Amino acid sequence: MGKLYDELCKDYRFKEGLHTCINCGTCTAICPAAEFYKYDPRKILDTIQRKDEAAIEALLKSDTIWYCGECMSCVTRCPRKNGAGLVIMALRNLSAKLGYFTYSEKGRQLYPLTKALNYNVLNLGYCVHPSTFVFEDHPESGPVFKWVLEHKEDVYARLGANFGKEGPGALRKIPQEDLDELKAIYDETGATERIETVEKYSLAKAEEMGMTPDEYLKYTFTHCSKGHFNNE
Amino acid sequence: MIYQGKQKIWSDYQKEIPDNHWFYVRSCIRQSFFPASEGHFVKIVRDLLGKDLYETPHHTTCGGIAYHSDTIPQETAMTIVARQFSLMKEAGYKNLVTSCITSFGNYTEILETWREFPELETRIREHLWKACRREFDKPEYVAHASDVVYKLRNEIAEKAKFRLVNHETGEPLRIVEHIGCHYSKMFPHKGVGGAEYPCVLSGMVESWGGKVIDYPERRHCCGFGFRQYLVKANRGYSVSNTHKKFESMEPFHPDLIITNCPGCPYFLDRWQYVISEQTGKTYGQNGHGIPALTYEELAGLVLGYDPWDLGLQIHQVGPEPLLDKMGIAYDPARKYLGLDEKDIMKPGLPTVLKCC
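Quick note, the sequences are listed as chains A and B, same order.
Take any residue in the first sequence, count from 1 to its spot, add 4: that is its number in our numbering.
Take any residue in the second sequence, count from 1 to its spot, add 283: that is its number in our numbering.
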């Protein structure tokens, strides 16, 4: 048994997600990602079951493992109670830990995701929050949400939220003492170390690609090469 | 025999939902995009139906979106949730109700993983103690807020001012129900009706007079996909999946979509706008879209709350065709007013999609 496979075996999602895959392909048939991306969860589980270290390393460095939407539709349908989506989470975790995510375009997107989501969690106590939701990054949110963002305080007050204020209610200000507890949890459980790891490998990749950190952040958030989709 | 067997299988997918004493935790997405939905959940359950529902300002995100976007380790997500359990213990509650489906899936996954791997629960207890000097009890019951409304659906029906019926023809409205993937696809026995026949929303629709529509892609994901929406470069995945659902439901002419996940109504609403801008196609009647509502908004309409108090004006798809069918009066001039009738301008209009 090789080193990468051993690492995967330590992940509880891997323990839950891969028992004995019979390669029936039901997961691929039901998968929303496989419908549009060049993605086949059946092949991924087969690759891992073979315990081929070189093939697993190639997976960890590929775009493939980043196509899944983690909807977990595969979990419901698998006749052997496997969960391809859970295995994907374990693969992504290992790819992040080892810095392999910077080898692929979709993997490099971990940088903008890590920065944005963890900023929100640690500074606001929310994963998503209107104060950091930028319309230019989300034109699909439509003219109505552009208006909401331009009149945040008024609209949220009109709709009964407690926007940015103390006490209970929607969009309340999370007290600093609670944010401090979240930071302590991050420090204790490895999230702070994970953020630093993603930052370190991402900035090295940015330098390799001849970009400033800001250019790299924008590029990884917006750039989509041809070739990811089934119809390309 | 076959019938009895089916009855037994069906009984395995029923939930005995407690009807009182809830510790409520909010949803990041619902607060940001549908804040009045949460407000009306509290109003209906606590004020109108007199149930005990408690919220502490000290609860935070469960970290579910960060976790499913692969930006935090599993033990971090577990310890954040353990902290919420600690707040629940402090407040003296045992039934947890989550506003968010990602949270519901997250809480359920964590409790099931601890059940199977008790050593992990022990480690999380140690993490929480070291980080926050806190201890916790596991909840006796975890529900999604739609479970609570499902449980109370007949009490709501008794107080209804409007029914899900076309007030001119007397015909039931044709309604698509969309269940969030993390409600029961991972742990079918935790959802009312399981993953194959979830009835948490169809039960509400039927109690309130509507007709549920079956269509081929009924159980297909809305297309959120976490990183597949959050990263701008990936949104082709998200809109393509939503498009697949709309093409599938279109021949059945739905009057309305009801959802129980905070993200799904956003995507089923906003991608209709994007599809209309990209292709010129709309899925409702006469250039309108199909309104995609939260279950709280629909309960609020049935109970006679003002559509603009419910926040229907911050959907991109206009709700007016639905309100007209139900015979609900509304004042178009008040649609975009702020608090105390303050004039805060109006949103721009889409190129194609009719919004009022």
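These aren't lab readings, by the way, just hints derived from the structure by calculation.
The model shown is predicted, which means the values in this text are computed figures rather than measured ones.
By construction, the Cβ of each residue, glycine as well, lies at the ideal position given by its N, Cα and C atoms.
Be aware that one or more of the hints could be misleading.
Only part of the chain B face toward chain A is listed, based on derived beta-carbon distances under 7 Å [said to hold, decoys possible]:
no.	residue
1	362
2	562
3	631
Quick partial rundown of chain A residues pointing at chain B, CB under 8 Å, derived from the structure [said to hold, decoys possible]:
no.	residue
4	7
5	11
6	13
7	122
8	123
9	168
10	186
Do the hints match the structure? See the list:
The criterion of a C-beta within 7 Å of any C-beta in chain A is met by residue 362 of chain B, whose closest approach is roughly 5 Å, and the hint holds. Below 7 Å, beta-carbon pairs count as interface contacts, and residue 562 of chain B has none with chain A, the closest being about 14 Å; its hint is therefore violated. At a threshold of 7 Å, the smallest CB-CB gap from residue 631 of chain B to chain A is about 4 Å, leaving the interface hint in force. The restraint placing residue 7 of chain A at the interface with chain B is violated, with a minimum CB-CB distance near 19 Å, outside the 8 Å limit.
Hint status for residue 11 of chain A: violated, given a least beta-carbon distance of 13 Å to chain B, over 8 Å. Interface hint status for residue 13 of chain A: violated, as the beta-carbon distance to the closest one in chain B is roughly 13 Å, over 8 Å. Given hint, residue 122 of chain A at the interface with chain B, holds; its Cβ is 6 Å from that chain's nearest Cβ, closer than 8 Å. The interface hint given for residue 123 of chain A is broken, as the beta carbon of that residue sits about 10 Å from the closest beta carbon of chain B, more than 8 Å.
For the restraint placing residue 168 of chain A at the interface with chain B, the shortest Cβ-Cβ distance is roughly 12 Å, beyond the 8 Å limit, so the hint is violated. The interface hint given for residue 186 of chain A is met, as the beta carbon of that residue sits about 6 Å from the closest beta carbon of chain B, less than 8 Å.
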